[in-house]
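**Q** Sequence:
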Amino acid sequence: MTGEQLLAGWTLGEIRSVSGDREATVLDSDRRVTWLGRPVGEDERLFPEIVLGFHGLCLVKPVDDDDWYMGSLNDDGSVDCWCAYADLREALRGL
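Residue numbering for the sequence shown follows my numbering, starting at 450 and increasing by one per position.
Since the hints were derived computationally from the structure, they do not count as laboratory data.
There could be a bad hint or two in this list.
Below, computed lysine to aspartate or glutamate pairings styled on DMTMM-like, alpha-carbon distance capped at 25 Å [said to hold, decoys possible]:
| hint | residue 1 | residue 2 |
| --- | --- | --- |
| 1 | Lys510 | Glu493 |
| 2 | Lys510 | Asp524 |
| 3 | Lys510 | Glu463 |
| 4 | Lys510 | Asp479 |
| 5 | Lys510 | Asp492 |
| 6 | Lys510 | Glu491 |
| 7 | Lys510 | Asp536 |
| 8 | Lys510 | Glu498 |
| 9 | Lys510 | Asp529 |
| 10 | Lys510 | Asp470 |
| 11 | Lys510 | Asp525 |
| 12 | Lys510 | Glu539 |
| 13 | Lys510 | Asp477 |
| 14 | Lys510 | Glu472 |
Build out the structure end to end from the sequences listed, making use of the hints.
**A** See below:
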C-alpha cells in the first residue's frame, strides 16, 4: 500500500511518530470490520476506507464516516472494533 491510501495531510512517517510505533503500516482495506460498540447482539459491520495496523491493533476509517475505530486484528484478518475517536491524532494517542 502506498501513501495515497492515507488520509490527506498525513504521511506514514507522521503516523509512526504520533503513535510511537515505528512498524505501523497501512493494511489492505478488503477485510471484514465489525463495530462492537452497540448493545450485545447488535454488532454493526463497517466498510473500511483506510486500515492502519499497529501489531495486534488496528485503526479503521470507514467509508462515509469521519470517525476512526480502534480494534483488534484477528487471525483471519478481520477486525473487531470497540471504541471510536473523532480524529486520527486522538486515535493514535489512544493506542
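**Q** Any hints from earlier that this structure breaks? Give me their numbers in increasing order, please.
**A** Structure breaks no hint.
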